[in-house]
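Guided by the hints, dock chain F onto chain W, whose structure is given.
From first to last, the protein sequence lines stand for chains W and F.
Residue 223 in this note's numbering sits at position 97 of the first sequence, with consecutive numbering throughout.
Residue 56 in this note's numbering sits at position 55 of the second sequence, with consecutive numbering throughout.
I should point out that these hints are in silico values taken from the structure, not numbers from a laboratory.
Be aware that one or more of the hints could be misleading.
What the hints assert, rightly or not - Derived lysine to aspartate or glutamate pairs resembling EDC-like cross-links, with alpha carbons at most 16 Å apart:
#, chain 1, residue 1, chain 2, residue 2
1, F, Lys9, W, Asp317
2, F, Lys194, F, Asp241
3, W, Lys206, W, Glu193
4, F, Lys5, W, Glu193
5, F, Lys204, F, Asp251
6, F, Lys98, F, Glu226
7, F, Lys4, W, Asp319
8, F, Lys9, W, Asp319
9, F, Lys204, F, Asp275
10, F, Lys333, F, Glu71
11, F, Lys5, W, Asp319
12, W, Lys323, W, Asp576
13, F, Lys101, F, Glu226
14, F, Lys4, W, Asp317
Stated by the list, open to error - Now the in silico label distances, taken between C-beta atoms and shown as ranges:
#, chain 1, residue 1, chain 2, residue 2, range
15, F, Lys9, W, Val202, 50 to 60 Å
16, W, Pro139, F, Ser165, 27 to 37 Å
17, W, Phe546, F, Ala337, 32 to 42 Å
18, F, Ile20, W, Lys396, 28 to 38 Å
19, W, Gly283, F, Lys9, 29 to 39 Å
20, W, Val313, F, Val120, 46 to 56 Å
Stated by the list, open to error - Short, incomplete list of chain W residues facing chain F, as computed with Cβ under 10 Å:
#, residue
21, Phe316
22, Ile594
23, Ile605
It should be emphasised that the depicted structure is a prediction, and the values quoted were computed from it without experimental measurement.
Heads up, the beta-carbon is just placed ideally off N, CA and C, and yes, glycines get one too.
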Amino acid sequence: MSFTSIQFLIFFPAVTILYFVIPQKARWAWLLAASYYFFMSWNPYYAILLAVSTVVTWTSGLLIGREDLRKRPNTVRRKKIWVALSVFVNIGILVVFKYLDFFCGLYAEILHIFGISAQAVQFDLLLPVGISFYTFQALSYTVDVYRGDIKPEKNLGKYALFVSFFPQLVAGPIEKSKDLLPQFDEVHTFDYDRARKGLLLMLWGYFQKTAVADRLATLVNTVYNSPQKYSGLEVAVATVFFAFQIYCDFAGYSNIAIGAAQVMGFRLTKNFDKPYFSKSIKEFWRRWHITLGAWFRDYLYIPLGGNRCSKWRHCLNLMIVFAVCGLWHGAAMTFVIWGLLHGVYQVIGLLTRPAKQRAEQKLGIRENSFPVRLYRAAATFVLVDFAWIFFRANSLWDATVLIGNLFRFNPAALWNGSLFSLGLAAPDFWAALLGIAAVTAADLLSRRRDLRQSLLNRGPVCRWAVYIAGTMVILIFGIYGPLQSPSQFIYFQF
Amino acid sequence: MVKKAIWKSCLFLVIIGTILAAFSPLFTYKIDHRGKLLQGLYKSDDTYDVVLMGSSHMNGGIDPNVLWHEYGISSFNYATGGQPIDVTYYLLKEVLKKHKNPLVVVDVYYLGMTDPYGVSGFVSNALDNVHFSLNKVQAIHNCVPFDERLFYYFPMLKYHFRWSSLTQKDFTYDSASVYYAKGFGAGTSHYGKQDISYANTQKKDAIPPKTLSYLNKIIWLSKKENFPLLLINLPCDYTDSNKEDGWVNDCEAMFNTVADVAEKNGVAFLDLCDRMDEIGLDFSQDMNNAGHLNIWGAVKTSDYLGKYLKENYSLSDHRSESAYAQWNEDYKKSQAASVAGG
Numbered sequence: 127m128s129f130t131s132i133q134f135l136i137f138f139p140a141v142t143i144l145y146f147v148i149p150q151k152a153r154w155a156w157l158l159a160a161s162y163y164f165f166m167s168w169n170p171y172y173a174i175l176l177a178v179s180t181v182v183t184w185t186s187g188l189l190i191g192r193e194d195l196r197k198r199p200n201t202v203r204r205k206k207i208w209v210a211l212s213v214f215v216n217i218g219i220l221v222v223f224k225y226l227d228f229f230c231g232l233y234a235e236i237l238h239i240f241g242i243s244a245q246a247v248q249f250d251l252l253l254p255v256g257i258s259f260y261t262f263q264a265l266s267y268t269v270d271v272y273r274g275d276i277k278p279e280k281n282l283g284k285y286a287l288f289v290s291f292f293p294q295l296v297a298g299p300i301e302k303s304k305d306l307l308p309q310f311d312e313v314h315t316f317d318y319d320r321a322r323k324g325l326l327l328m329l330w331g332y333f334q335k336t337a338v339a340d341r342l343a344t345l346v347n348t349v350y351n352s353p354q355k356y357s358g359l360e361v362a363v364a365t366v367f368f369a370f371q372i373y374c375d376f377a378g379y380s381n382i383a384i385g386a387a388q389v390m391g392f393r394l395t396k397n398f399d400k401p402y403f404s405k406s407i408k409e410f411w412r413r414w415h416i417t418l419g420a421w422f423r424d425y426l427y428i429p430l431g432g433n434r435c436s437k438w439r440h441c442l443n444l445m446i447v448f449a450v451c452g453l454w455h456g457a458a459m460t461f462v463i464w465g466l467l468h469g470v471y472q473v474i475g476l477l478t479r480p481a482k483q484r485a486e487q488k489l490g491i492r493e494n495s496f497p498v499r500l501y502r503a504a505a506t507f508v509l510v511d512f513a514w515i516f517f518r519a520n521s522l523w524d525a526t527v528l529i530g531n532l533f534r535f536n537p538a539a540l541w542n543g544s545l546f547s548l549g550l551a552a553p554d555f556w557a558a559l560l561g562i563a564a565v566t567a568a569d570l571l572s573r574r575r576d577l578r579q580s581l582l583n584r585g586p587v588c589r590w591a592v593y594i595a596g597t598m599v600i601l602i603f604g605i606y607g608p609l610q611s612p613s614q615f616i617y618f619q620f
Numbered sequence: 002m003v004k005k006a007i008w009k010s011c012l013f014l015v016i017i018g019t020i021l022a023a024f025s026p027l028f029t030y031k032i033d034h035r036g037k038l039l040q041g042l043y044k045s046d047d048t049y050d051v052v053l054m055g056s057s058h059m060n061g062g063i064d065p066n067v068l069w070h071e072y073g074i075s076s077f078n079y080a081t082g083g084q085p086i087d088v089t090y091y092l093l094k095e096v097l098k099k100h101k102n103p104l105v106v107v108d109v110y111y112l113g114m115t116d117p118y119g120v121s122g123f124v125s126n127a128l129d130n131v132h133f134s135l136n137k138v139q140a141i142h143n144c145v146p147f148d149e150r151l152f153y154y155f156p157m158l159k160y161h162f163r164w165s166s167l168t169q170k171d172f173t174y175d176s177a178s179v180y181y182a183k184g185f186g187a188g189t190s191h192y193g194k195q196d197i198s199y200a201n202t203q204k205k206d207a208i209p210p211k212t213l214s215y216l217n218k219i220i221w222l223s224k225k226e227n228f229p230l231l232l233i234n235l236p237c238d239y240t241d242s243n244k245e246d247g248w249v250n251d252c253e254a255m256f257n258t259v260a261d262v263a264e265k266n267g268v269a270f271l272d273l274c275d276r277m278d279e280i281g282l283d284f285s286q287d288m289n290n291a292g293h294l295n296i297w298g299a300v301k302t303s304d305y306l307g308k309y310l311k312e313n314y315s316l317s318d319h320r321s322e323s324a325y326a327q328w329n330e331d332y333k334k335s336q337a338a339s340v341a342g343g
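Looking at chain W on its own, in the form it has when it is part of the complex (with noise of 0.2 Å):
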């Protein structure tokens, strides 16, 4: 059941009032059915591998609380078994499910470099929806409950639905147990602003979703498509779009979940703050997919060492972190390619560093002047959209096509009408252009204000104008229905 579904808009109003209607004790229990449903409406059979999760990790966090009781000899030692006894099957499932095809296919390539003849073998299992985010988030429970931050939780039903919570199970935010699980105990009663305000950022996330991402998604498919084709002009206008169509999809998906779980109480982690404003590489992973940054900055670059050791040592521990990154957001090399360029971006940023304060220091450039903010924002988003190129290419030799054709400048695609035939008529191109300025637009004012706020502050008539006039316009420039071909949101394949 995806949230641009009819079904959707029927469930989430249902839950949510039963959710206030029925006695606090019984709450979770129905949110707890309620995320099943949801999540078995894809396939049931996908229930099986979430319920695998839920129990090991929540077994191993009644272990490891044991272990901390009990104060044997070898306590760590035994808490640390439990933990990889945790991480190896909760990753093993990820690895059979997801990975199985792709490191086979490894496998067989480097054979064949050393002129070794093998077929690689294809399992071809169906991925489940939402299995990296669940099992990420699963295990982060495992290594709390070690670190002590969060006692075990004994209820395995609470446990089941911090793992299966449906706002946020298939593509995030990435919750932290010690954020999520406790709220769970939490009595809430129905709030009439803070529904308001949760139901204005899943209106935004429809738009994001449907008027924006989706709309850009038909010319992005059409060059990435069929890289051959196309050159300079094209192929820059396909990765500048693909970088909203990727930020409005996620975002937009994000902004849903957020909101959805906002109107019945909970608060769940801002996952975007205007990344394609940040100034440096380093500041685009604060500010894009935030809780994927956290995890790994908490469960792997931390435990390598961070950059709490040698330079070059810290330059590796980037390089690995965003390798695995790259690696977590599909099971291809192309993927592996945008992680680690990443990594190269970071790496090449921490080194030349010292050089670059120095010569600023001589030139007397002022790190805040507007000017210097702009060009930094500026090449940032360049350099992260470059990346996006590796990440949405069908393959890499695709993207090597891409960036080869890039570099045949067509200015006469401006004016010849070539730009309108890529999936976009010129209206609708108009209309694209419109919703990336209006996201923009949007990123930019919030940087001073809620905006949320701001409109919740007005009179009735301004609000309900902005009401009914947000809806209209997704309900007149989303791309859904039966006779449009509206995309999967696309973080769900990870």
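Just chain F now, with coordinates in the frame of chain W:
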């Protein structure tokens, strides 16, 4: 607090629903099917002694202007392309709201459909042009898959993407401009091939369960509402239909069962596939394609049907009535249009 939220949510939904309902006609395609249904169902004040219902076979097979010119029969063709029999049932109920006890002629070709629901675009062509009522709700509930129903209640949700291609015609559309044809519309091609599927078989095949239930509903409705019912099958080469997914494998055998059902219920069934020689049809010249008559074939078939109706039913000749003065003009216009088209 909860009551306030529910009240405001309802108000919000009513406002959005009203806007969608108000703008749906603007976004709906202005094709001839829209024009004829709006006229035939709601706008025209003419009364019809005969109403013609069904799919494209009927739409392009029986010309009310020929029935009028040759026999003085007032009729209207409500058939639309790809119209499943369940949609025909609800459309007939809509027709009966305005026209009491007409002779109802139902094309039964779509009894062969085995899929539970018709092709969305075809169903839309009919239901999008029916005004909101309990009958429309029931039609949508029974003829449309669950996840598409909202798009039928508010067609603007289905056609919203037309914002970029709306033309002057969408704003000023006048359905009266197509009324002269009385719902008829046939092609002007010549198929050029003979019917290779026809076999005078006694074999009988079952009617698919859903379409059979709607055939029974139509028969039951004729008894309840007390109107004469004539089931009709128009000339067709079943070769492709028999191979089609979502269709019975032997149309000829199924229509033998239809004949049995009709006889059992005391309803007339006219299988024109068995009467092509009587009609004087040359399949290669009088068909637009394997399944549809062309305008020349339609004239012959309409003439044959008019004669059959005159002989078997008590139908008045309205040609001299002043209330129908415009119908003679409409006939001339339809002939001119046919000549221009041919």
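Just to be careful, I want the Cα atoms of Lys204/F and Asp275/F compared with a cutoff of 16 Å; is the pair within it?
Satisfied, since the Cα-Cα distance of roughly 15 Å is no more than 16 Å.
Going straight from one Cα to the other, do Lys101/F and Glu226/F come out at no more than 16 Å?
8 Å, holds
Mind checking the hinted window 28 to 38 Å against the Cβ distance between Ile20/F and Lys396/W?
Given range 28 to 38 Å: holds, Cβ gap about 33 Å.
Hint check: is the beta carbon of Ile594/W less than 10 Å from a beta carbon of chain F?
6 Å, holds
Does Glu193/W sit within 16 Å of Lys206/W, going by the straight-line distance between their CA atoms?
10 Å, holds
Lys4/F and Asp319/W: Cα distance at most 16 Å?
It holds: about 14 Å lies between the C-alpha atoms, which stays within 16 Å.
Next pair to validate is Lys204/F with Asp251/F; report whether the Cα-Cα distance is within 16 Å.
9 Å, holds
Close enough to count: is the Cβ of Phe316/W nearer than 10 Å to one in chain F?
Where the cut-off is 10 Å and the nearest Cβ of chain F is about 5 Å from Phe316/W, the hint holds.
Tell me if the straight-line CA distance from Lys5/F to Asp319/W falls inside 16 Å.
11 Å, holds
Could you check the hint for me, namely that Lys9/F and Val202/W are 50 to 60 Å apart, CB to CB?
56 Å, holds
Assessment of proposed distance window 27 to 37 Å (beta carbons of Pro139/W, Ser165/F):
32 Å, holds
Given the proposed pairing of Lys323/W with Asp576/W, does the C-alpha separation stay at or below 16 Å?
Judged against 16 Å, a Cα distance of about 11 Å means the pair holds.
Consistency with the previously given hints fails for number 4 only.
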